[in-house]
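Undergrad: Sequence:
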Amino acid sequence: MKLLKLVMFVIGCVLPLTAVVTPSRAATVTFEWTLSGPAPSLGGAPFPGSGTITATVSAGGADMVTGITGTVNGSLITGLNTFNGADNLLFPAGTTFLSTHGISFVTTSGQDINIFSFFPQGTPPSGNAYGELSANPSAFGVGTFTISAVPEPSTWVMMLLGLIGLGFAFRRSTGSPSLV
46 MKLLKLVMFV IGCVLPLTAV VTPSRAATVT FEWTLSGPAP SLGGAPFPGS GTITATVSAG
106 GADMVTGITG TVNGSLITGL NTFNGADNLL FPAGTTFLST HGISFVTTSG QDINIFSFFP
166 QGTPPSGNAY GELSANPSAF GVGTFTISAV PEPSTWVMML LGLIGLGFAF RRSTGSPSLV
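Offset between the sequence shown (1-based) and my numbering: plus 45.
The set of hints was computed from the structure by calculation and includes no laboratory data. Computed from a predicted structure; not experimentally measured. Check before you lean on any hint, since a few could be wrong.
The following label-pair restraints were derived from C-beta to C-beta distances [as the list claims (entries may be wrong)]:
id	residue 1	residue 2	range
1	S86	G212	51 to 59 Å
2	L206	S81	32 to 40 Å
3	L205	A138	23 to 31 Å
4	M109	T168	17 to 25 Å
5	F213	S95	48 to 56 Å
6	T114	Q166	23 to 31 Å
7	T123	L208	35 to 43 Å
8	A72	T153	12 to 20 Å
9	T127	T191	20 to 28 Å
All residues carry an ideal CB built from backbone N, CA and C; glycine is no exception.
Please put together the full structure from these sequences, using the hints given.
TA: Here it is, written out as structure tokens:
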């Protein structure tokens, strides 16, 4: 019984504390992203898309994008480039998610696309205003760019262990009463 209580204590108290002690972000993080907007005829993003972004974390808050996947206007993204002077920086905790230079990539159809913020970092934006510029064919539009963090595998393991511990504790507490 004492061993069971010790195991439950470790699962319930000690393991969650390790999440506090370890760094909140790993050296590499992954985000899901989307770019959407009104119809291109109304000035919206001409090539909406979605996918994942992989970035290397930096101490200054500007994460360097090292990879991007997904589709834009039905074409697969093949890799990053520096079209239109892109710096490929991501600000997950910033006032805007992208710099005014933006993230740039190329698709399987040969399009060079740059998604950028209209507002520099540190300037309060008026809404979620991002631009999209492309070449081959040339197009420009305004859209909504969103990112959301993808949980790391260690987060899923921690949650699973906690659920197992809760299930085990519940099972033990609903057993038949004993005379001790």
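Undergrad: Does each hint fit the structure? Answer for all of them.
TA: Hint by hint, here is what the structure shows:
1. Against the hinted window of 51 to 59 Å, the Cβ-Cβ separation of S86 and G212 comes to about 54 Å, which satisfies the hint.
2. Remark: the range hint 32 to 40 Å for L206 to S81 is upheld by a beta-carbon distance near 37 Å.
3. Separated by about 27 Å at the C-beta atoms, L205 and A138 satisfy the suggested range of 23 to 31 Å.
4. Here the CB-CB span from M109 to T168 is close to 21 Å, well matched to the stated 17 to 25 Å.
5. Between F213 and S95 the beta carbon distance is about 39 Å. The supplied range of 48 to 56 Å is therefore violated.
6. Take T114 and Q166: their Cβ atoms lie about 25 Å apart, and the range 23 to 31 Å holds.
7. Restraint check, T123 to L208: a C-beta distance of roughly 39 Å satisfies the suggested window 35 to 43 Å.
8. Judged by the Cβ atoms, the range 12 to 20 Å given for A72 and T153 is violated: they are separated by roughly 30 Å.
9. In this structure the supplied range 20 to 28 Å holds for T127 paired with T191, their Cβ-Cβ distance being about 23 Å.
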